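Okay, so the sequence shown: first residue is 1 according to the UniProt record's numbering, each after it adds one.
Keep in mind the hints are simulated off the structure, nothing from the lab. What you are looking at is a predicted structure, and each value in this text was computed from that prediction instead of being measured. Note that beta-carbon positions come from the ideal geometry of N, C-alpha and C, so glycine has one too. Possibly wrong hints are sitting among the right ones.
Unchecked claim - Computed Cβ-Cβ distance ranges for the label pairs, DEER-style:
1. S82 to S160: 48 to 54 Å
2. F93 to L28: 31 to 37 Å
3. L20 to S45: 19 to 25 Å
What the hints assert, rightly or not - With a straight-line cut-off of 35 Å between C-alpha atoms, the simulated DSBU-like cross-links for lysine-lysine are:
4. K147 to K118
5. K85 to K105
6. K132 to K118
7. K118 to K39
8. K105 to K39
9. K105 to K75
10. K75 to K147
11. K79 to K39
12. K79 to K98
13. K98 to K85
14. K105 to K79
15. K98 to K132
16. K75 to K118
17. K79 to K147
18. K85 to K75
19. K98 to K39
20. K98 to K118
21. K132 to K79
22. K39 to K132
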Amino acid sequence: FQHEPWFGSRYVEEDIAQDLLELWRNPLEIDAALHLPSKNEFIPSDFSIRAGDTDHDDFENTTSPRCIVDEALMKFWYKLDSTFKVPRANTYFRINLKGGYDNAKSCVLSELFIHLLKDELNEIVYQASVAKLETSVTYVGDMLELKVYGFNEKLPVLLS
1 FQHEPWFGSR YVEEDIAQDL LELWRNPLEI DAALHLPSKN EFIPSDFSIR
51 AGDTDHDDFE NTTSPRCIVD EALMKFWYKL DSTFKVPRAN TYFRINLKGG
101 YDNAKSCVLS ELFIHLLKDE LNEIVYQASV AKLETSVTYV GDMLELKVYG
151 FNEKLPVLLS
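Given the sequences, and given the hints that come with them, work out the whole structure.
Here it is, written out as structure tokens:
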């Protein structure tokens, strides 16, 4: 055995047999399960900063979020990041599910729904997390809360 100088790990160097090298170069058959992963549609390519856009100038000096849509069934709040100026966004959705915790049956069904939703979205959410888009699905009071945050270019792709 040889010893690696920094950590003292033991290792052996050996030549690879020519017949094994030839088999690797020209395999008899190729396992279809062995392939590169499909393209990750959540990996961003546009890292431009949107904090200096002229149509956002009226939001530039606000210290707290401003309500930009206020309707009976929805409200949208917006706050421009003019401090750190990074191409990231945070989105929070609260969906009202009245009666979700009114009784034991509703409570169990609500929790079961959330677990099934997370399970259904698991593969998509994993691909998004590899590209640094994070998600959270929780039940808060009588509302389902969905949080999605990460690079702003691909947030719409994940939300769709």
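Now for the hints, and whether the structure bears them out:
Checking the proposed 48 to 54 Å range against S82 and S160 shows it is violated: the Cβ atoms sit about 28 Å from each other. Separation of F93 from L28 is about 53 Å and departs from the stated range, judged on CB atoms against 31 to 37 Å. Look at L20 against S45: about 40 Å separates their beta carbons, and that is not inside 19 to 25 Å. Only pairs whose Cα atoms come within 35 Å are accepted, and K147 paired with K118 is accepted, the gap being roughly 13 Å.
Annotation: proposed proximity of K85 to K105 is violated, straight-line Cα distance about 47 Å (limit 35 Å). With a C-alpha separation of about 18 Å, the suggested pairing of K132 with K118 holds against the 35 Å cut-off. A hinted pair counts as satisfied when its Cα atoms are at most 35 Å apart, and K118 with K39 qualifies at roughly 22 Å. The suggested pairing of K105 with K39 is violated, with an alpha-carbon distance near 42 Å, which exceeds 35 Å.
With a C-alpha separation of about 30 Å, the suggested pair K105 and K75 falls inside the 35 Å cut-off, and the hint holds. With a C-alpha separation of about 15 Å, the suggested pair K75 and K147 falls inside the 35 Å cut-off, and the hint holds. Between K79 and K39, the direct Cα distance comes to roughly 32 Å. Compliance with the 35 Å bound is thereby established for this hinted pair. Among the hinted pairs, K79 with K98 is consistent with the structure: their alpha-carbon atoms are about 29 Å apart, no more than 35 Å.
Between K98 and K85, the direct Cα distance comes to roughly 38 Å. Violation of the 35 Å bound is thereby established for this hinted pair. A hinted pair counts as satisfied when its Cα atoms are at most 35 Å apart, and K105 with K79 does not qualify at roughly 39 Å. Between K98 and K132 the CA atoms are separated by roughly 33 Å; this keeps the pair inside 35 Å, and the hint holds. Restraint check: the Cα-Cα separation between K75 and K118 comes to about 25 Å, which is no more than 35 Å; the hinted pair holds.
Taken as a hint, the K79 and K147 pair is honoured in the structure, with Cα atoms around 16 Å apart against an allowance of 35 Å. For a cut-off of 35 Å, the pair hint linking K85 to K75 stands: about 25 Å separates their Cα positions. Between K98 and K39, the direct Cα distance comes to roughly 40 Å. Violation of the 35 Å bound is thereby established for this hinted pair. The hinted pair formed by K98 and K118 meets the criterion: a straight-line CA distance of about 20 Å does not exceed 35 Å.
Restraint check for K132 and K79: the C-alpha separation of about 21 Å stays at or below 35 Å, so the hint holds. Restraint check for K39 and K132: satisfied, since their Cα atoms lie roughly 15 Å apart, inside the 35 Å limit.
In terms of the numbered hints stated before, the structure departs from hints 1, 2, 3, 5, 8, 13, 14 and 19, listed from lowest to highest.
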